[in-house]
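Protein chains in written order, with full-length UniProt numbering: chain L, 1 to 230; chain U, 1 to 224; chain H, 1 to 236.
Hints were generated in silico from the structure; no laboratory data involved. There's no promise every hint is true.
[To be verified] The calculated lysine-lysine pairs, modelled on BS3-like cross-linking and capped at a C-alpha distance of 30 Å, are: (1) L:Lys137 - U:Lys164; (2) L:Lys219 - L:Lys6; (3) H:Lys174 - L:Lys137.
Chain residues, written in single-letter form:
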Amino acid sequence: MSLKDKLLFALMFVVMQLALVWALAIAPPDKLQGDVQRIFYFHLGSIWPGFLAFFYVLYGSIRYLVSRDLIWDRKSLVSGEIGLVFCSIVLTTGPVWAKPTWGVYWAWDARLTSTLVLWLVFFFYVNLRNYIDDESKRPRVSAVLGIVGALMVPFVYMSTRIFETQHPKPVIMGDADSGIRDPNMNIALYLSLAAFTLLYIYLWRLGVQQMLTKDRLKKLRGRLLRLEGF
Amino acid sequence: MSDNVFHVFSAVLRKDLRRELRSREIFISSFLFSVILLVIIFYASKTSGVQLEAMSSGALWLCILFSGTIGLNRSHQSETANGCYRALILAPVEGGWLYLAKVCSNALLLIVMELLLLPLLVLFYHTDISKNLGMLVTSLALGTIAFTAVGNLVVVITANTRMKDVLFPVVQLPLMVPTLIAAVNATELALQGKTPSNWLQVLVAVNVVFLSAGFLLYDFLLEE
Amino acid sequence: MSLSIRFSELSKQFGETIALWRVSEQLHPGDRVSILGHNGAGKSTLLHILATLSRPSSGDISFSLDGETCDNPKKLRNHLTFLSHEPMLYPDLTAMENLRFINRLYQRNLSDAQLGELLERVGMADFAERLFRTCSRGMQQRLSLARALLPQPKLLLLDEPFSGLDRGGVERMKHLFSNTEMSWILVTHHLRLGYELANRFWILHRGRMLHSLHKRDLSYEAYLRFCEGSSMEEGA
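The whole structure should be built from the sequences, with the hints applied where relevant.
Structure below.
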């Protein structure tokens, strides 16, 4: 682990503790929802790196297609994997929060639908390569899928939003995050956003290093096999 | 250069249409599938108490989505069957124009099928299609082109995998969500006699973004 | 117009499998090359790279047209065609329609009469209006040859072109390949045909170029010994 990674880890650790303290203890409970609302800090905290990861997949895929340098494929793949994890967190914390607040685990809210689609797109981006036998095709085909998927995401948000404004909302779906009044709530939110972003960056760096080490190991193994074979 | 481009585009388009006119395999299978779907949708949603006419836009788009997926898959299979796709890759042509020709031929086939489905909608679902026919056709056409623009990319992406027949619809459908939402609502409003400008804007945007993305990205898919 | 190719240290890996390993050679205009080797020696992989169909994992390959380096695959593809055991023609189109499509794709502007002559050359003149689907395997292979010859390429890449052909078809193809100005590269298991037709031989073994030989100083017996060195067996 390099010094940079160690510093990053330390910073992440501190910010994460602060975020926990603020979110769970210092920030006051929501007037309407009570303590349940505290999950919001983790919920929103995870969707943000999810988006970040997605933009990175778009960026990295374009860079790969232009340069054909495998490092960009690895970087986007790791980003996609982490994005998938964060999206899964959003999709699990969402219903936990929704049940006591809205009375149901799932509602066809624009954000919910979009996140579900985002999750599916991430899922296919990360997993499609396992079904491509030809290793030289894998990064290229995945990159194209990454770009197509990423370009579709804004449209998912756009269409679900327009859909909502044109159709009457069910009564159970009051706007949940309109209740932020207290400055401590804001601090807790920003702290958790920072903590999750640092977590994303840290995991990403770790993942890329791991991926490169794996590649190197594979190469060395191939070389060894050749030495033994010929 | 423009002459060159037109040659490739028209050659592929004419070849696709001629092949389909002769075998009619894509058209017949998608059309019959759609008719069966219309019947199934009626029985599946009858108990919910939704009015027949109110179902027609959704039913129509389900038909387009599912039979279109079958059609795109079949169309690509007939291209790969004899190694023909390799001949296209090896030809001195720009992948982008190949892509546009494929989108064009697939969209044309689907639009013809939709025009034949409309009378059936009138018959089965008592839909009044005459309220704003122009907008109806516009919504259908824009939605169909958006569908084939994305579908033609996804079909080549998944063709590189070993489970292509299964993966194509599965990967394709989530990417179709915005197109479907916009197209269903646009069609619905057109059937009510309104002008669905919001939704048409979304469809136009999807078309512009994905036709250009496909034009630029298709070359990357044409390597072995 | 002439086409020559120079490649050095060409490698291609599929995952951990090595299909080609540091292969270097040159191809001059007028060369007729037989690539020989047992199954999995990397013959088709090399052919695919030369056809601009796939990219090497490492190494350099440079094409030159009339002495000028050309790295635009679109431009190169105008001058090279590929013939394999796959016909690459549409089953629901007739022989003539298939050729017209290729004609448009390559923008050769040949008239129907010229396309008819081409069919004549491969011995398919009587079947111009026949649906490709209904043609026999051998007829399909002849049509495929017509497809490959249509753009008048400078280099023809042949991957087992004789499969499915009857004696007449093989004779006709032999005649075409030995009386032509263009260069070609042939991958085949027919050791005899490979020797008769070519003037150069590349013998591959486990992804490496084992021998690169010229015919002028090589008897058939010596040639066979080289081939046996790569543990091949005489084809059918």
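How the hints compare with the structure:
{"no.": "1", "hint": "L:Lys137 - U:Lys164", "result": "holds (15 Å)"}
{"no.": "2", "hint": "L:Lys219 - L:Lys6", "result": "holds (28 Å)"}
{"no.": "3", "hint": "H:Lys174 - L:Lys137", "result": "violated (36 Å)"}
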